[in-house]
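K.L.:
The lines below spell out each chain.
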Amino acid sequence: MSEDVNVPTALRGVGGWLDDRFHGARGVRVLMRKVFPDHWSFLLGEIALWSFVILLLTGTFLSLFFVPSMSEVVYHGSYVKLDGIRMSEAYQSTLNISFDVRGGLLMRQIHHWAADLFMAALTIHMLRIFFTGAYRKPREVNWLIGIALFSLGLVEGLFGYSLPDDQLSGAGLRIFEGVLQGIPIVGTYLAFFLFGGPYPGNSIVPRMYIIHVLLIPGLILALITAHLFIMVHQKHTQMPGLGNTEKNVVGQPFFPYFIAKGTAWFFFIFGALALLATFAQINPIWLYGPYTPVAISSASQPDFYMGILEGALRVMPAWEINFLGHTLSLSVLIPFAVPLGIILGGAAFWPFFEQWATGDKSYHNVLDRPRNAPIRTATGMAAVTFYGVLWAEGANDVIADKLQIPLYTITWIARVLVFVGPAVAFIVTRRICLGLQRKDKALLEHGLETGIIRQLPHGEFIEVERPLDEEERAPLEAKKVPALMPAPGSEDENGVPAPESRGVLGRARTIANRAFAETVVLEADGHGNGHGDGHGNGHGPEAAGEEHAAVGPSGTPAELPGGDDADEDSSGS
Amino acid sequence: MSDMGETHGLEGPEDSEASEVPAAPRRVIGTPPPSPPLLGSGDGERGRTPAAGAGAAGAEVAVPGHAETMPTEPDYPVRAKNAERLIAAAFILAFIAGCGFIAAYVGLEVHSVDAVLRSNLALGLSLTVALFALGFGALIWVRQVMPDYEMVEERHSMRSTDAERASFQEYFEEGTAASQFKRPLIRRTLLLATLPLAVIPIVILRDLGPLPGTSLRHTVWSPGRRLLVYGTNQPLTPAEFSTPGSAITIVPEGFTDNPDALAKATVTLIRFVPGQLHVPTRYAGDTLIGTMNWTVDNIVAYSRICTHVGCPVGLYEQTTHHLLCPCHQSTFDASSGATVVFGPAPRPLPQLPLTTDAQGYLVAKSDFTQPVGPSFWERG
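Protein chains in written order, with the numbering used here: chain A, 1 to 573; chain B, 1001 to 1380.
Okay, the calculated bits of chain A under chain B, using three or more residues with CB under 8 Å as the criterion: (1) 100-106; (2) 320-333.
Distance ranges between label pairs, derived from CB positions: (3) ILE230(A) - GLU1317(B): 52 to 60 Å; (4) THR409(A) - THR1339(B): 20 to 28 Å; (5) GLU140(A) - THR1339(B): 48 to 56 Å; (6) ALA1115(B) - PHE419(A): 50 to 58 Å.
Just so you know, the hints here were simulated from the structure itself, not pulled from any lab data.
Yeah, the Cβ is synthetic: ideal placement off N, Cα and C, and Gly gets one too.
Whenever a hint applies, use it, and build me the whole structure from the sequences.
P.N.:
Here it is as structure tokens:
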């Protein structure tokens, strides 16, 4: 029944041959036994990875037929509606790929859908990393690499969809050029050097082409490689759960499990993209026509990942100042630099800010549930709201058309929401997080409401509650709260203020620390005692109005977690 | 992870059959895997197989493999047998679909919209089915045929031990000393030597394009240059453009196929009902001047290039005389000098001075008096 595991002699021979030369047996064995924790959200980054692989495959095919040239030709091809029209060779070759190369349209559409999926997966993957705190020590560098990948993806996408030199992408390129011109001091020169003279010139397509097919993909590939190597070296994070500690990683080994799952996932993603490319038309450049700087189509929309920049340009009121005899075009510069600067710069800055505010320099391999880090989650939701408002504003003309709301009204709503929205999101999210913590606390202390009503001998009705079992308790009890620093302005017995809270920065730090340390305190002796001991003392009054009773800074002011070598076991107790 | 309860029962017997047999180099398949007596987790870690060092006693085990037992048979043989057939069916389907793709490639022509539609449908569907079938087969394989198995890998602190760090530092310091990098003459001249090399990659890019000079301030419009209707490229008399309230796109004579010229010189021409066109005003230098004499018979010409980021201001609303840029919705009032009504554009659209030539055709009186298009640093 099971002699079938025999490794073929030929394969064994190859293995031996390789090992003779590379001393690989030990290393490859370790690699084969690499443990991959199982959680659906860990597949998000993989979507981006596989999308990139599909982009390389389809892109290579397209590059065999695409002609990156702006030389003018008169079209006499298969798409008769454009017969006799002057166009660039780039546009003509894109028409040829679509209408004269078998499978060309399919590959084009897979390529474009894969680019959109790449950026979407990257975005959601980064949100997952952020909200679970996976960027914390020791993974800050990989987080920064991720931000770099996202930024490169934006430019790569913009250059990619601009290559066909069609009317729609030409409008996008025109905007790009206008923004470049607005950059102080060097802007005009940048634009002239990039476009090889006045816009549009005849250099931009070949230049974008080489950047799009060689330079940026090379950088992305290098960064992905670094990203994966670091991930393998540092090992995966894992969700809190029974048996998952800071000192282990629990999951299925790479060989044979993950290799099979990963392959299946690749085929599913590729299949999904092929399905989209079959039925969901994307970027039909033959409908837009070749680019001319004279014409424009209404309701022009960039690809979705550019929506935030487009929306920022639309939401901005006219604002231009004369700075020492020079024009400072703030209505262009602010939308160009500020929103993405806030989001990407803020994301890059955050891990270090959090470390500073919490004083937590220890390793974190077990992820946080978002509710257990209210400030982080609230900040993340504020950023999502900020991004979302600008993103939606990027389609304000479409919204105005579909919902019959006046265009300017939408823009005014966005102008208000872009400030108010994030603030509201922050407050609401923080409240929800604390509420969910309270629910966890109730679950731990009282167990699950079973819905079974029982009458006691003296007539009282009670609802039977089932205590959580060990496996259910584990994720809830894995909550970790930053240690509290000495209060602002507090002094020791000699009247000396605590070193952490000295100065303006010190005060700011202690205030931030208090915000981060806010939590719903679990029973000090809650662990292992189950249901019974929870009642009576320990937690605050249960009256509804006393919701803040159970909320407070965690524990007693403790010394900060130790230095670099602190590597404590979260579930050790 | 939620499946772990199922495997618990299965691995239980194996644990209980712990024998003293040391891990053989190659196990005979079908026999219970040898289970280490010392390292086997007696604490019932939910059926997971502990890796080396799971217990304190095992901390010294150098070769991790000795403590492990990966089950090699499916958890549920009957289910696995059914799954095997399903997987084979999926793979056969993938094979058929893959062949279908090749057949569609060979058999279906393109070269027309309808043919491309058919070809794309056939190629796309067959590819989709092949890929999905492969993925489905692989997924069922790992889920139903491979035994459910989780293992625990030990994590080590990323930080090197103090001894390692000290050893590193010691060697680095020795190396630094041996390199004699301390010699300032070498160090400073090396720095000097690399400076120009670092600048060269930037300098060498200078020929990417000409310097902007004053080219952003001018367009190809010049006194007497005729206005041609975009599309037909025919000149226009005021009489021919007589419908009040209409707007057309104008390109300069002699540059109708020159994108570089058109990107700046394109103009929107609007005819007003007499009395509706307010006196437009312009700054010429620092003085405000009326530009009614730039119009001909209530016909006014504005730059079509948005002063925001350069999109063509392509939409005109007759009733309100508003010109709207579809890119970012900057709105200009055409009846009073194309002043900004709404949106991010900082300045009115520049106005092209008009007159008529000897034949009665509309011509430019001069170039624009202001730079057209988006702002730039040197604009002032």
